[in-house]
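> Fit chain A to the known structure of chain G by using the hints.
There are 2 protein chains.
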Amino acid sequence: MRASKYHINTLKEAPAETEVASHRLMTRAGMIRKVAGGIYTYMPLGLRVLRKIENVVREEMNRAGAIELLMPVVQPAELWMESGRWEKYGDELLRIKDRHQRDFVLQPTSEEVVTDIARNEIHSWRQLPLNFYHIQTKFRDERRPRFGLMRGREFTMKDAYSFDRDEAGAQASYDIMFQAYMRIFGRLGLKFRAVAADTGSIGGSRSHEFQVIADTGEDLLVYNPDTQYAANIELAAAPCLIEHRAEPKEELVLTATPQAPKCELVAQQLGRPLSDTVKSIVLATDPAEDDADGQVRIWLLLLRGDHELNEIKAGKLPGFERGFRFATEAEILDSFGCVPGYLGPIDTAKPVSIIADLTVAHMSDFICGANREGYHYTGANWGRDLPEPQSADLRNVVAGDPDPNGGHLAIQRGIEVGHVFFLGDKYSKALQATFLDTDGKPALLQMGCYGIGISRISAAAIEQCHDDKGIVWPRAIAPFEVVICPVGANKNEKVGNISEQIYLGLQEQGVEAILDDRDIRPGVMFAEWELIGVPLRITVGDRGLKEGVVEIQARSDAAAVKVPVEQAQAAALERLKSL
Amino acid sequence: MRASKYHINTLKEAPAETEVASHRLMTRAGMIRKVAGGIYTYMPLGLRVLRKIENVVREEMNRAGAIELLMPVVQPAELWMESGRWEKYGDELLRIKDRHQRDFVLQPTSEEVVTDIARNEIHSWRQLPLNFYHIQTKFRDERRPRFGLMRGREFTMKDAYSFDRDEAGAQASYDIMFQAYMRIFGRLGLKFRAVAADTGSIGGSRSHEFQVIADTGEDLLVYNPDTQYAANIELAAAPCLIEHRAEPKEELVLTATPQAPKCELVAQQLGRPLSDTVKSIVLATDPAEDDADGQVRIWLLLLRGDHELNEIKAGKLPGFERGFRFATEAEILDSFGCVPGYLGPIDTAKPVSIIADLTVAHMSDFICGANREGYHYTGANWGRDLPEPQSADLRNVVAGDPDPNGGHLAIQRGIEVGHVFFLGDKYSKALQATFLDTDGKPALLQMGCYGIGISRISAAAIEQCHDDKGIVWPRAIAPFEVVICPVGANKNEKVGNISEQIYLGLQEQGVEAILDDRDIRPGVMFAEWELIGVPLRITVGDRGLKEGVVEIQARSDAAAVKVPVEQAQAAALERLKSL
Numbered sequence: 001m002r003a004s005k006y007h008i009n010t011l012k013e014a015p016a017e018t019e020v021a022s023h024r025l026m027t028r029a030g031m032i033r034k035v036a037g038g039i040y041t042y043m044p045l046g047l048r049v050l051r052k053i054e055n056v057v058r059e060e061m062n063r064a065g066a067i068e069l070l071m072p073v074v075q076p077a078e079l080w081m082e083s084g085r086w087e088k089y090g091d092e093l094l095r096i097k098d099r100h101q102r103d104f105v106l107q108p109t110s111e112e113v114v115t116d117i118a119r120n121e122i123h124s125w126r127q128l129p130l131n132f133y134h135i136q137t138k139f140r141d142e143r144r145p146r147f148g149l150m151r152g153r154e155f156t157m158k159d160a161y162s163f164d165r166d167e168a169g170a171q172a173s174y175d176i177m178f179q180a181y182m183r184i185f186g187r188l189g190l191k192f193r194a195v196a197a198d199t200g201s202i203g204g205s206r207s208h209e210f211q212v213i214a215d216t217g218e219d220l221l222v223y224n225p226d227t228q229y230a231a232n233i234e235l236a237a238a239p240c241l242i243e244h245r246a247e248p249k250e251e252l253v254l255t256a257t258p259q260a261p262k263c264e265l266v267a268q269q270l271g272r273p274l275s276d277t278v279k280s281i282v283l284a285t286d287p288a289e290d291d292a293d294g295q296v297r298i299w300l301l302l303l304r305g306d307h308e309l310n311e312i313k314a315g316k317l318p319g320f321e322r323g324f325r326f327a328t329e330a331e332i333l334d335s336f337g338c339v340p341g342y343l344g345p346i347d348t349a350k351p352v353s354i355i356a357d358l359t360v361a362h363m364s365d366f367i368c369g370a371n372r373e374g375y376h377y378t379g380a381n382w383g384r385d386l387p388e389p390q391s392a393d394l395r396n397v398v399a400g401d402p403d404p405n406g407g408h409l410a411i412q413r414g415i416e417v418g419h420v421f422f423l424g425d426k427y428s429k430a431l432q433a434t435f436l437d438t439d440g441k442p443a444l445l446q447m448g449c450y451g452i453g454i455s456r457i458s459a460a461a462i463e464q465c466h467d468d469k470g471i472v473w474p475r476a477i478a479p480f481e482v483v484i485c486p487v488g489a490n491k492n493e494k495v496g497n498i499s500e501q502i503y504l505g506l507q508e509q510g511v512e513a514i515l516d517d518r519d520i521r522p523g524v525m526f527a528e529w530e531l532i533g534v535p536l537r538i539t540v541g542d543r544g545l546k547e548g549v550v551e552i553q554a555r556s557d558a559a560a561v562k563v564p565v566e567q568a569q570a571a572a573l574e575r576l577k578s579l
Numbered sequence: 001m002r003a004s005k006y007h008i009n010t011l012k013e014a015p016a017e018t019e020v021a022s023h024r025l026m027t028r029a030g031m032i033r034k035v036a037g038g039i040y041t042y043m044p045l046g047l048r049v050l051r052k053i054e055n056v057v058r059e060e061m062n063r064a065g066a067i068e069l070l071m072p073v074v075q076p077a078e079l080w081m082e083s084g085r086w087e088k089y090g091d092e093l094l095r096i097k098d099r100h101q102r103d104f105v106l107q108p109t110s111e112e113v114v115t116d117i118a119r120n121e122i123h124s125w126r127q128l129p130l131n132f133y134h135i136q137t138k139f140r141d142e143r144r145p146r147f148g149l150m151r152g153r154e155f156t157m158k159d160a161y162s163f164d165r166d167e168a169g170a171q172a173s174y175d176i177m178f179q180a181y182m183r184i185f186g187r188l189g190l191k192f193r194a195v196a197a198d199t200g201s202i203g204g205s206r207s208h209e210f211q212v213i214a215d216t217g218e219d220l221l222v223y224n225p226d227t228q229y230a231a232n233i234e235l236a237a238a239p240c241l242i243e244h245r246a247e248p249k250e251e252l253v254l255t256a257t258p259q260a261p262k263c264e265l266v267a268q269q270l271g272r273p274l275s276d277t278v279k280s281i282v283l284a285t286d287p288a289e290d291d292a293d294g295q296v297r298i299w300l301l302l303l304r305g306d307h308e309l310n311e312i313k314a315g316k317l318p319g320f321e322r323g324f325r326f327a328t329e330a331e332i333l334d335s336f337g338c339v340p341g342y343l344g345p346i347d348t349a350k351p352v353s354i355i356a357d358l359t360v361a362h363m364s365d366f367i368c369g370a371n372r373e374g375y376h377y378t379g380a381n382w383g384r385d386l387p388e389p390q391s392a393d394l395r396n397v398v399a400g401d402p403d404p405n406g407g408h409l410a411i412q413r414g415i416e417v418g419h420v421f422f423l424g425d426k427y428s429k430a431l432q433a434t435f436l437d438t439d440g441k442p443a444l445l446q447m448g449c450y451g452i453g454i455s456r457i458s459a460a461a462i463e464q465c466h467d468d469k470g471i472v473w474p475r476a477i478a479p480f481e482v483v484i485c486p487v488g489a490n491k492n493e494k495v496g497n498i499s500e501q502i503y504l505g506l507q508e509q510g511v512e513a514i515l516d517d518r519d520i521r522p523g524v525m526f527a528e529w530e531l532i533g534v535p536l537r538i539t540v541g542d543r544g545l546k547e548g549v550v551e552i553q554a555r556s557d558a559a560a561v562k563v564p565v566e567q568a569q570a571a572a573l574e575r576l577k578s579l
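Residue numbers (this note's numbering), protein chains in the order written: chain G, 1 to 579; chain A, 1 to 579.
Treat the hints as calculated values from the structure; they're not laboratory data.
A hint or two may mislead.
The list makes no distinction among identical chains, and a pair is therefore deemed to hold if it is satisfied within one copy or across any two copies.
Below, simulated DSSO-like cross-link-like pairs (lysine-lysine); rule was C-alpha separation at most 27 Å, straight line [said to hold, decoys possible]:
(1) K12 x K494
(2) K494 x K262
(3) K34 x K88
(4) K34 x K97
(5) K577 x K316
(6) K5 x K52
(7) K491 x K546
(8) K441 x K12
In this text the structure is predicted, and so the values were computed from the model without any measurement.
Same shape as in the complex, but just chain G (with noise of 0.2 Å):
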């Protein structure tokens, strides 16, 4: 590619609303320009990212045996009323009308779609198993679009859903589209982690997510340095910190502790350690809308007064099925007799269920809210002043945690860009997608379902690796391999003539390289294609030609290398093996 052919657009200024680096920068670089809230074009340079991590993901799918077709984007609403999902899905669901006031959706994903064509096209065991998958247009109708490509509205996915005779084969499946998963982000040349993650809604038995490790991510990740462990924090088990509980030392004294109703006052003022104290979290279920006697619960949930409620956890407690909520004031007032800030389990107005975290369940002579405004307990230990607890793990690790298996945990940030679900019949079931199994009798079929983030893959991207002058793009997903940067062409023209040479040459060896000839100042030039983040800029200058010589630059590195002008394009080629 030639410059001048081309549409290289930089921004000096971002507008004020891009808060992160990669809407930032991709705006700055004329990588996209918004149409409307979380809605883009991709520009040139973009799209040429784009679809160099779609060609990625698609060569890995195929290798992976996974079989490209293309759903609408345009879906009816009666498949998503099958699901079930037109009713529960929220208002991310973009619900439209067509001419004849029939309902369709623009899909966020396509398990209504694939499981039609499940059934209408799998009729025998002896046809799975079988992986179908798209790269398509999504539409999600966020609330609050922002963070550029991160969190848009109309993005690109890669969605893939298997299909087998039995959980085993489902199993397999799964653990194929993992090591492809595994095989895509390490192609693409990002840092990246595969970390265990919770089912949620979608239930099933397994989950992963893949996290592009960047320090802005919105997920926190829980690893162990020295071991294969890695857990989204949402997921990941939080060891109970005390081995044996020790025999109480102190009795169980009324503290007065005024206009302390935070536990990181609490301990300034009695002068002990914050991991002496404990927390009290006051949560409520609701009554089943069936049930007519149903009572409002209130559940006291205890945690160590340096910890933090880990809510996904807490929904999975028995008795928390249908969901729960933080307690009323009210409620709050009603249960304990006592304002919030000085709760305890100690003395509650009427009965709630208790549940202490693991390490509070295990802790003695430990300070809590007194139910009195302006009072706690200290010296408070278990089976003496209060019966022992039940007990769960209610709290998201913390970095330093002990890992049960040996070393410690670790903790980082991700931003997610692949989700691979076990999904089992849910959507089988609902959709009823039976195939003739080996005794001729109809079976679900059995399913997993696959998501890449392709637009968002980019953004990540950028996220992970950039620094005050732009981009810095792995080799793999830049929009072009390498910039050849002529200077001085028009006081000496054998600087035209040896770019020329090089960007031809190198185009000759497969390089996606592109010759800024265009006529501009080096200073601009070069400012432009560091902002762009091309990973490899070759600079023929006339000076440097009186010495032989070319320079060259990684995008990655602080200096340029000279090379004679002869070995210029065999040193491009080293160089950017390790781009």
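The following block gives chain A in isolation, referenced to the frame of chain G:
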């Protein structure tokens, strides 16, 4: 590809709703599956065809210097209001609302978004010419979607938009696209014709359609087999068939023609050729809304009895700028004092505006309605019996019409798969897309737009080439180029080995081959591949191998050719060259 790892699912019968060959065969061959009216899933085989077409289009667009980007499917109403198309575009434009009740459209084309990009990105004449294109999902909410991919609602289209400094530049860009389209349709292996087309409501001075020749096409194409001339019948000039008007020989006679309200019946009753008759067509033009005193104006258009009115041509008559309609029976009675069927230009009840087709204006001694039920005039002559008429080209060309530039005109049917358009400043004016010209002053961008119906091409190719066994793909867009069919592999292990050898050998040569390693009967296998339409089949049979031969059969050939096993690959490569 191995068939056992792929998804092949053909149907013996197509659903009753499949009215045309392409819809029927794509459904039977398992290339598409209906999701809703006019909305289809491209199954794996169908998607391969789609992608091949896309790739040829992309390569040629890039070669022609167009730059690919990707504009969104969901576009904000504001831009469509700026262009005026929010109001003017009919019900085919699917207008939707997001969760915040803001208006959007599903794009049928992207003139608005691309012009918005241009007004933000193009600042200077130095950036011109520029041509942006994308290959994207389109949506047109057809009132009655049918014929499968021929008239779907969701479909894939390539649309390109050129931007130039001035009209001359825009014409040059148009010519470049015209040539690119010639290469594209040539490479796709289709019999096609570029025809001059009506510019319709879009305006501008030039437009060409690219038509795939097929007897089932909806468009009529007029061409001269001896010259380059070709035009859509909508636009094709119909010559005057009479060089000099002859002197009158007959008297004007009021002649009874009972129960003969059509020219055919009159000619029959009177024993005269149909070409001696003149038919009357009564049109009405309504006054402008702001024209308080405005009256409906009644027009009488006269055509020779064997000719058809061309409504596009009628729409261009002076006085028809705001459109026209056929007159109501009441209006006809009022103006002519007679029921339809016996109308004519002589002695109308009220004055009407008469326009004769060029040929009619040169007729003499002609037969026309007498404005009296059951009567016609014979021996009517211009100048003598009625005033000399205003005349214009009002009719469709008929096969065999002389071409004023020599030779005769022929007609064939076509399917429109591409359209290039000179737009001028229609959209740049509406959206105020300007650039700074060489004189430093802002000027409006001159535009062209260029569409190709990617998914429609696959259907058009089938309409052009199929037989009673199924599809006959041109090699360039076939889902696979060669299928290798082993026969009797269970009796002779050499069958499998040699099939495998040939398969791998062809793959190495870059041929897209599929090895049918499924355990199915040869008759079923052959019928399936004939239905799917793979251009070349190599049959490796137990019996053939005993003679040391395999059979090679092109899908378009009547019979197979036997070639020695060791020459199979070379023979296949050779035969492929002309497919």
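> Each hint should be assessed against the structure and marked as holding or not.
Results of checking the hints against the structure:
1. For the identical chains of this complex, K12 and K494 are neighbours neither inside a copy (32 Å) nor across copies (68 Å), given an alpha-carbon limit of 27 Å.
2. In the homo-oligomer, the alpha carbons of K494 and K262 never lie at most 27 Å apart, since the shortest distance is 74 Å inside one protomer and 81 Å across protomers.
3. For the identical chains of this complex, K34 and K88 are inter-copy neighbours only, at 25 Å across copies versus 30 Å inside a copy, given an alpha-carbon limit of 27 Å.
4. Proximity of K34 to K97 under the C-alpha cut-off of 27 Å is found in both arrangements, the shortest distances being 26 Å within a copy and 19 Å between copies.
5. For a Cα distance limit of 27 Å, the shortest separation of K577 from K316 qualifies neither inside one copy, at 48 Å, nor across copies, at 64 Å.
6. Proximity of K5 to K52 under the C-alpha cut-off of 27 Å is found in both arrangements, the shortest distances being 21 Å within a copy and 26 Å between copies.
7. Taking the shortest Cα distances, K491 and K546 sit within 27 Å of each other inside one copy (12 Å), while across copies they are farther apart (74 Å).
8. For the homomeric pair K441 and K12, the shortest alpha-carbon distance between copies (24 Å) is at most 27 Å, but the shortest distance inside one copy (67 Å) is not.
Against the hints set out earlier in the document, violations occur for numbers 1, 2 and 5.
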